[in-house]
Amino acid sequence: MQTLLEIKNLKTVFSTARGVIKAVDGVSLILNTGETLGIVGESGCGKTMLALSMMRLIPANGRIAGGEVLFSGQNLLSLSEDEMREKRGRDIAMIFQEPMTSLNPVLRIGEQIAEAIRLHQHVPAKEALFLSERLLAEVGIPEPERRVKDYPHQLSGGMRQRVMIAMAMSCRPQLLLADEPTTALDVTIQAQILNLISDLKEKNNMAVILITHDLGIVAEAAQKVAVMYAGKVVEMSEVEKLFSQPQHPYTRGLIESRPSGCADTEANGEAYLKTIPGTVPSLYDLPAGCRFSERCALAEDECCVLEPELLEIENGHFVSCFVSQRIVK
Amino acid sequence: MASVLVDIQKLRKKYILGGGFLQNRSRIVRAVNGVDLQIFEGETLGLVGESGCGKSTLARLLMRLEEPDAGRAYFKDQNIFAFSYDDLKTYRRHVQMIFQDPYSSLNPRKSAISIIQEPLNIHQIAGRKQNREISAQLMTRVGLSHEQAKRYPHEFSGGQRQRIGIARALALQPALVIADEPVSALDASIQAQILNLLKDLKKDFGLTYLFISHDLNVIRYVSDRIAVMYLGCIVELADKNNLYQTPLHPYTRMLLAAMPSCNPQKQKREMMIQGEAGEIGDQGCNFRNRCVYKIDICNRLIPQLRPYRERGLCACHRTGEI
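In order, the protein sequences belong to chains A and B. Everything in the first sequence is counted per the numbering used here, starting at 218 for the first residue and increasing by one. Everything in the second sequence is counted per the numbering used here, starting at 339 for the first residue and increasing by one.
No false leads were slipped in.
Straight line, CA to CA, 25 Å or less: simulated DSS-like cross-link-like pairs of lysine-lysine: (1) 537/B - 491/A; (2) 239/A - 228/A; (3) 427/B - 448/B; (4) 418/A - 458/A; (5) 427/B - 467/B; (6) 537/B - 414/B; (7) 540/B - 427/B; (8) 491/A - 578/B; (9) 467/B - 448/B; (10) 540/B - 491/A; (11) 239/A - 225/A; (12) 491/A - 541/B.
So these bits of chain B aren't anywhere near chain A, every CB distance computed over 12 Å: (13) 404; (14) 412; (15) 427; (16) 447; (17) 458; (18) 474; (19) 631; (20) 643; (21) 645.
Facing chain A, a subset of chain B residues (Cβ under 8 Å, in silico): (22) 388; (23) 389; (24) 528; (25) 530; (26) 533; (27) 534; (28) 537; (29) 556; (30) 558; (31) 601; (32) 602; (33) 614.
Hint data in this document are derived by calculation from the structure and do not stem from the laboratory. Glycine is no exception: its CB is placed at the ideal position from the N, C-alpha and C atoms.
The whole structure should be built from the sequences, with the hints applied where relevant.
Pasting the structure below:
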């Protein structure tokens, strides 16, 4: 398998009125062609900012403070803005959580997809419109010849997300960044959209980065998983490994605190859910040492002073926790 | 058998959408379309369904925040839709609600303790000073500290805000608490804390819950019985274990199949999940356009919610066959 994307020690900081925060703090990832990487974490853990940093689309008060984003060997961070614009949409496409705010409400959807096509490919307007019809059919929208003339508000949430996916697929990107693509959707629609993304991935040998807060979605759709906590990746491995032998106490806590579902255990009426005490620390006020130490049952003196590194404890299984690293050793 | 606390009979509520300026055609949405449902004292009844299925409207009808078009609902044998203003005030002491969004459901200009105290003052449970004490106790009970009493909602995290909302709902010692998606807005690690708290409080206060959620995992954890709602109708009602082990209605099966399972070995689904919810005419079963088990009769007759062998109620012409 070929490496498509390699992120090395990426750092993104934001200057705010209350000080500087490190939203993405030294994240390293590797993604192969045709692979799906799930990035999972709670709100504020930096997963969206990681994706936006890759696309160089971070808000104005933020900046990328260091690191490399190697896409097919080329560092995206050293490209000029014009070169980067060429990449976006053509080689790397992105879909967002709320399809309504990402679509232009006053343009027919056919025109919007055609616009994406004509931006990167030299085709006449008429042909682009025809291509957008074909794309709509490909993402499973019934009667595409009629639907190209619809405005976004005429479509349901699920259909809008399909339109977004059609637009993203218009230039056959090598990498699709999907940021919470199903969070706003119902479960039955979510299942359809996840199936669609994985079908398109197979057909086009495309790599996918799937950002989500839902471990269930990761289990279902990803081959590799990175768990993020307070701006850092705390654990990364193959998906089966992560669920069968989670090593980081945070990952374990997340899996165990999920009501039933997990491991398909019988939900017992009297049993309590396991919880992770406390809340996610504010990025303005991170604890010394390991960022999870305050909530961690296994924390030792060392954890409150030193910050653990993300180390490979087994083939392809990375963890940043002193305790689990020692146990495996 | 526990006594019936709430008895909902043939409740209906429709809304008319559009039809205004610039819109040529109005559309009728039957949000609650003939619901019969009983809630027993001391149980947790889970109400699950996708967005737009009418579960929140049903909750609002029960709180009498909406007036129904038809049907009745009895709380301890009194018809809640016949209540006078005074009756209604008493009723609301017994029935309280926890909302989904802990951000918009708390007054941003009031401190945590005054938010919790407000219902006590309105209903004049005791003097102001004593009400203050009760509120302080409630704060501790839901896991907030005394130092936090004077803080304002924006100073709390989502989970803590939901704790304030819960304390407020419990202040009047209600018999029934309607919890409308109480954990949907919370992060995964906080959800479990709140679910455990709700479970504890139920025991301590002797509560009955109507627990509304779209999340089948959450519903499974909290409920004793579960009602599945689809486009304004209850399509299946059964004990928790029956529902998850042998779902009767094709829609329940579809929901269960669509539920992300947290088991990477099951990356392929066994069941076709197709279509979107939408009303498809007055005749026949509303689910027929998405149903893989559809037969001729489903186009003509609306299926009624009927008992099937002691194992629950199901509204499907082919109950037991499939």
